[in-house]
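J.: Each chain, written out:
There are 2 protein chains.
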Amino acid sequence: MSGLEVQLAAIRAARARIAPHVHVTPVLTSSRLDAQLGARLFFKCENFQKAGAFKARGAFNAVLSLSDEEAAKGVVTHSSGNHAAALSLAARTRGIPAYIVMPTSTVRAKQEAVAAYGGQVTLCAPTLAAREAAAAEIVARTGARMVHPYDDEAVIAGQGTVALELVEQVPDLDVIICPVGGGGLMSGTALAVKGLNLQALVIGAEPAGADDAWRSLDAGKLIPQTDPRTIADGLRASLSPRTFGVMMDHVGGVLTAPEEAIIEATRLIWRILKIVVEPSAAVPLAALLAHRADLPFQRFGLILTGGNVDLDRLPWMG
Amino acid sequence: MSGLEVQLAAIRAARARIAPHVHVTPVLTSSRLDAQLGARLFFKCENFQKAGAFKARGAFNAVLSLSDEEAAKGVVTHSSGNHAAALSLAARTRGIPAYIVMPTSTVRAKQEAVAAYGGQVTLCAPTLAAREAAAAEIVARTGARMVHPYDDEAVIAGQGTVALELVEQVPDLDVIICPVGGGGLMSGTALAVKGLNLQALVIGAEPAGADDAWRSLDAGKLIPQTDPRTIADGLRASLSPRTFGVMMDHVGGVLTAPEEAIIEATRLIWRILKIVVEPSAAVPLAALLAHRADLPFQRFGLILTGGNVDLDRLPWMG
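The listed protein sequences derive, respectively, from chains H and A.
Residue numbers are given in our numbering: position 223 of the first sequence equals residue 223, and the series is strictly consecutive.
Residue numbers are given in our numbering: position 88 of the second sequence equals residue 88, and the series is strictly consecutive.
Rather than coming from a laboratory, the hints here were simulated on the basis of the structure.
Please note that a few of the clues may not be correct.
[To be verified] Only part of the chain H face toward chain A is listed, based on derived beta-carbon distances under 7 Å: (1) Pro20; (2) Trp270; (3) Ile275; (4) Val276.
Using N, Cα and C, we set each Cβ at its ideal position, and we do this for glycine too.
Produce the complete structure using the sequences and hints provided.
T.: Structure follows, in structure tokens:
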């Protein structure tokens with residue numbers, strides 16, 4: 001089998017493994033948004049996923065892939081939020097501990113979700129170094145297995161199940177746009193679509209204020225994100241060598257969205273589609289609003305990645 | 001045929017008539033809310049309906065039931081919002097004018113929706129007398145046909161299609177709870193459920209601050225709403241003799257919800273179900289939160305009536 005065939009088999013295995021625990025999420029459409037954009041838009045609603053984000057897919061796949069012996073010691077991760085909540089839920093479902101390292105800057109709704117799902121939270125300073133050091137200390141102390149939010153094969157295979165569903169629900173998409181933070185969803189999406197040998201272009205969308213994927217693709221080498229500035233708190237991470245490699249091989253392009261477009265798109269989705277999504281989830285629509293004229297396509301799949309927002313502090317309320 | 005058989009036939013005819021123009025809306029569930037309430041809850045999502053509320057069903061049925069001659073002169077209504085937007089959309093779809101009388105107190109999002117759908121708005125003082133006078137003047141001047149928001153057979157038949165769908169989507173419901181304003185949805189729901197000879201109890205839910213249905217049912221006579229005080233702006237109207245009569249014959253009871261419960265339920269639906277609903281739509285869940293202990297049932301259908309809110313002024317933001 002070729003590399004892509006192996007990857008597709010892993011995504012299909014993930015789908016079967018996680019099926020009892022995650023939702024097949026619906027696809028929503030809006031004639032008003034279609035008219036506004038001059039295209040057919042299909043929104044894959046991972047905001048309705050367990051724990052409120054697509055991250056449940058990768059987390060369940062990683063936790064359920066462990067042997068009983070490995071699993072018994074628990075799992076650990078550092079995460080700005082949705083992966084942490086998802087891993088806590090998956091671990092609780094398997095009856096094992098989840099140790100979660102969170103930066104103090106994490107939005108409150110996401111901290112509360114982790115606690116609600118039984119994750120054991122360790123707060124740390126909001127730097128990658130502090131997060132990694134705190135996680136390493138927990139691994140040394142407990143023997144727990146690190147489940148990285150995106151630089152992990154089982155996690156990427158789980159995230160790829162979003163695209164498997166989407167292309168069955170909506171045939172003949174021209175483009176699938178997914179948000180890019182660390183690149184786990186983008187990698188899983190590209191591996192699924194290209195593994196299935198579909199013509200659809202996979203395009204990443206990221207905030208202009210956290211544009212490491214765009215810069216890395218442009219430079220042909222991995223350029224880490226050092227100072228992300230965006231309201232899209234799920235997309236502040238850097239690509240890893242693994243996700244960068246998938247992007248170079250299988251992703252058709254990366255679009256950036258200015259902050260104003262992200263806020264506008266978030267509000268538009270709430271107002272027109274009547275669903276709650278977090279700003280990170282609105283970045284594909286924001287990118288499309290900003291770049292529609294450059295994209296000569298008609299049928300767009302947009303992955304709405306999550307819906308965990310602090311309802312007391314909405315993006316458009318300064 | 002009995003009266004109920006005639007009514008059911010009218011609802012079925014409405015369903016066929018409006019099918020090309022309205023959505024079959026989905027039913028959402030949440031294991032978290034089920035656990036919190038100790039019951040199975042099935043939310044019928046009319047917030048995803050055309051123009052953002054179930055009102056599209058009754059409005060389309062009324063507009064499409066007119067003869068070409070009647071229709072040519074247009075339609076008129078007075079409404080606090082969702083019916084006005086729905087009637088504007090239905091009229092535009094048929095290519096006829098819609099004259100809309102709105103009180104100046106109407107929330108801005110609803111005024112904007114009417115304008116967006118091409119309705120011709122006449123503002124009036126926020127009293128029933130002022131609304132009726134303004135509407136009568138328009139009828140006299142244009143010959144337009146009055147389409148009352150709820151005291152209208154075609155409108156009630158259209159609203160009854162919500163329940164037809166719901167009982168097909170979710171069999172064996174013990175109870176269906178719907179919000180009660182003027183009683184159009186409650187009437188349509190009760191006539192559909194009882195016409196189908198189902199065992200499900202139909203229960204109305206209304207704000208404690210606009211409890212004319214509860215008081216009327218308790219007194220056995222129609223007691224109009226004179227001074228409604230509730231955030232649920234869709235539920236401030238009074239029952240009509242027609243909807244009161246349906247309630248007396250076919251509705252199992254009315255529950256009231258305090259304002260705090262309405263706000264809590266609205267927020268809960270946004271936070272857990274990840275959908276945007278207006279406070280009026282959350283009243284059935286609010287009533288269930290307040291009265292769960294008195295309701296020895298397991299399977300509840302709750303009609304989420306609409307999702308048109310002003311996103312700059314959320315109910316829980318004082």
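J.: Now look at each hint and say whether the structure bears it out.
T.: How the hints compare with the structure:
no., hint, in the structure
1, Pro20, "13 Å, violated"
2, Trp270, "5 Å, holds"
3, Ile275, "5 Å, holds"
4, Val276, "4 Å, holds"
Going through the hint list in order, the structure does not satisfy hint 1, though it satisfies all others.
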